[in-house]
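Just so you know, the sequences run in chain order S and R.
With the numbering used here, you'll find the first sequence wraps up at 309, consecutive numbering, no jumps.
With the numbering used here, you'll find the second sequence wraps up at 801, consecutive numbering, no jumps.
Keep in mind that the hints were calculated from the coordinates and are not lab data.
Computed from a predicted structure; not experimentally measured.
Careful, some of the hints might be misleading.
Said to hold, decoys possible - Pairwise CB distance ranges, derived in the manner of DEER restraints:
#1 P89/S x Q484/R: 46 to 56 Å
#2 D187/S x R690/R: 41 to 51 Å
#3 Y785/R x P243/S: 46 to 56 Å
#4 F283/S x W599/R: 42 to 52 Å
Unchecked claim - Just some of the chain S residues that point at chain R, by a computed CB distance under 8 Å:
#5 G3
#6 L4
#7 R72
#8 R74
#9 F80
#10 D82
#11 E99
#12 T100
#13 T105
#14 P109
#15 T110
#16 R113
#17 R115
#18 V117
As the list claims (entries may be wrong) - The calculated lysine-lysine pairs, modelled on DSSO-like cross-linking and capped at a C-alpha distance of 27 Å, are:
#19 K602/R x K130/S
#20 K2/S x K714/R
#21 K182/S x K70/S
#22 K714/R x K111/S
#23 K695/R x K(-8)/S
#24 K2/S x K277/S
#25 K111/S x K70/S
#26 K183/S x K695/R
#27 K130/S x K183/S
#28 K182/S x K695/R
#29 K228/S x K70/S
#30 K70/S x K660/R
#31 K602/R x K70/S
#32 K158/S x K660/R
#33 K130/S x K70/S
#34 K695/R x K714/R
Cβ atoms here follow ideal geometry from the backbone N, Cα and C, with glycine treated the same way.
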Amino acid sequence: MSKHLLEVKNLRIEFPTRKGLLTAIDDVSFHIDEGEVLGVVGESGAGKSLTGAAIIGLLEPPGRVAGGEIVMNGRRIDNLGYEEMRKIRGREIGAIFQDPLTSLNPLYTVGRQLTETIMTHTDMTPTKARERAVELLTEVGIPAPEKRVDQYPHQFSGGMRQRVVIALALCVNPKLVVADEPTTALDVSIQAQIIALLKKLCRDHGTAVMLVTHDMGVIAETADRVAVMYAGRIAEIGPVRQVVKQAKHPYTEGLMGSIPVIGHTDEKLRQIEGSMPRLTNIPTGCAFNPRCPKAFDRCFKERPDPIDVDGTEVACWLYDKEAAHV
Amino acid sequence: MVAFILRRLAQSILVMLVVGLVAFFMFQFLGDPVNQMVGVDTPIAEREALRERLGLNDPLIIRFGKFVVNAAQLEFGLSYQHKSPVTDLLLERLPATIELSMVSAVIAFALALPAGVYTGLYRNRWSSKAMLTLSLVGISVPTFLIGILFIYLFAVVLGWLPSFGRGDVVTLPGGWTTGLLTTSGLKAIILPALTLGLFTLTLIMRLIRAEMLEVLRTDYIKFARARGLTNRAVNFGHALKNTLVPVITVTGLLLGNLIAFAIITESVFQWPGMGRLFLQSIQEVDLPVMSAYLVMISFLFVVLNLVVDILYYVVDPRLRVEGHGGGH
């Protein structure tokens, strides 16, 4: 019924704790189309990674999806059993994690980890799978792949290992890859290479990407659309150009304002005052109200729902007021 | 790899020399063995003759040299108490101890591995918690007490199993006696083997569990799951193999312990092994037997350590030095 590749509807993730239920993700909705790159940004603890983990069905207990739906290719996947979800992981939804140094099993050769994944999801023979593994290593730009395929992870540098991780995530051509901060642990000089590689591969294979990061530069360069998360909710989601150039939510404005501009050396680094509220005491109304320079009465009383403003959805009363005035 | 083994061998020889020194000097400080061997009314001339015969009048350094050379040829002299070659005495009792230790090792590892993996994977199930609580008993209750409890329950109350001895033994070609081929021998080994293996079992189980918990939290396990690998492949192929390095270390040492410290179990169950021979030799200040036992047990530990080190290489590719390719 929907033509979106992935649709997340009113997702809520809760953690039962000794002090009661903690709602880490509250009423988050977004979608990703085929071949599209959705960037997800926000501060640490905003719920970016958690949303990604929920999509691949690997939320760490005691965290659980308490409400909403995740629909992949028209099929609801958030309520599948472990074994059914396992068949989707890797096959339809790939994943890339933050730290390439620890993402690979140190005791197995890169080739064995690739062939194992390929053979889990396809009927390829070991010989075929190995050929495919070498092909994949070539594709992710690893020199001398015939030799490298038999080497162990510790024989690769960080950047090379992240290439291997990308090869592993894409080895059976999933429709979607959830990349959770794929470059955060890498040298700045290598980050750009890895992002460019990911972008190119996904474009070549028509793979959609959910790119979780806190690097606005990466988003601006890579994403088609971007979702800005704050305290477990989406503050703003829209086409990347609009969100970056004409941020609507005061939080997004703050985020954009805090990117230092090269050349402006006389200025102090700008930052958003205060810090994100703890999940245990999210203020009533808009979660951003204590830090928002434009907050007014309504922001402290009611929680804003996303409002469509010029193709961007913004959860902010500022825009509702405007609409009401017209 | 070869260089590494040679280096370890050299170290091992050094360790054995030091142990030999300790074993040798026991002779010097633990009283005059001649007094232990002869009666009160033995004339001095006869004592001197015995002294000469045992080589106790040579200078220290020569005696140590002789000791090392002899020890290297498995020659530890005559037992003061039994008046027969120590090596024969030990070899005669070696099969009993080795069999007991091996059977308890097999029992311990065969049970510890699945139990450790199970409690690691399903740590919140009540069955895991029950196993962990039970394992505390195995760790904290002393071996002799467990042995006595087993004897009371299975030999005295239930009358299922014999409480002492080795049962009927069969002599295999090569002089090795085994109790594993007769019904009474098999029955006789159950209780001592369980008693001896219980500590090892619980310790290894808890170690595997702790390591599994650690490894299951790692990124590569998360990533293996994210790739949709089957549970079996993730848990056994990826997780269990990564727990092996520490487990091998401890297992190697525990295996040595099983043999070396079978002493208590052997005396509880009247098991005719080397441990009991050693206990008797302490009572009788039978120095050649004591030092030979010491040397043998140290040799065993040295060999086990060497095997453990080689196993590291087999399990963990990061330790294999050749072909460093990183850093592009």
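A quick look at each hint next to the structure:
no.: 1; hint: P89/S x Q484/R: 46 to 56 Å; result: 27 Å, violated
no.: 2; hint: D187/S x R690/R: 41 to 51 Å; result: 35 Å, violated
no.: 3; hint: Y785/R x P243/S: 46 to 56 Å; result: 49 Å, holds
no.: 4; hint: F283/S x W599/R: 42 to 52 Å; result: 48 Å, holds
no.: 5; hint: G3; result: 21 Å, violated
no.: 6; hint: L4; result: 19 Å, violated
no.: 7; hint: R72; result: 4 Å, holds
no.: 8; hint: R74; result: 6 Å, holds
no.: 9; hint: F80; result: 6 Å, holds
no.: 10; hint: D82; result: 6 Å, holds
no.: 11; hint: E99; result: 7 Å, holds
no.: 12; hint: T100; result: 5 Å, holds
no.: 13; hint: T105; result: 11 Å, violated
no.: 14; hint: P109; result: 15 Å, violated
no.: 15; hint: T110; result: 20 Å, violated
no.: 16; hint: R113; result: 17 Å, violated
no.: 17; hint: R115; result: 14 Å, violated
no.: 18; hint: V117; result: 16 Å, violated
no.: 19; hint: K602/R x K130/S; result: 47 Å, violated
no.: 20; hint: K2/S x K714/R; result: 38 Å, violated
no.: 21; hint: K182/S x K70/S; result: 25 Å, holds
no.: 22; hint: K714/R x K111/S; result: 26 Å, holds
no.: 23; hint: K695/R x K(-8)/S; result: 25 Å, holds
no.: 24; hint: K2/S x K277/S; result: 33 Å, violated
no.: 25; hint: K111/S x K70/S; result: 21 Å, holds
no.: 26; hint: K183/S x K695/R; result: 26 Å, holds
no.: 27; hint: K130/S x K183/S; result: 24 Å, holds
no.: 28; hint: K182/S x K695/R; result: 24 Å, holds
no.: 29; hint: K228/S x K70/S; result: 40 Å, violated
no.: 30; hint: K70/S x K660/R; result: 49 Å, violated
no.: 31; hint: K602/R x K70/S; result: 31 Å, violated
no.: 32; hint: K158/S x K660/R; result: 62 Å, violated
no.: 33; hint: K130/S x K70/S; result: 31 Å, violated
no.: 34; hint: K695/R x K714/R; result: 15 Å, holds
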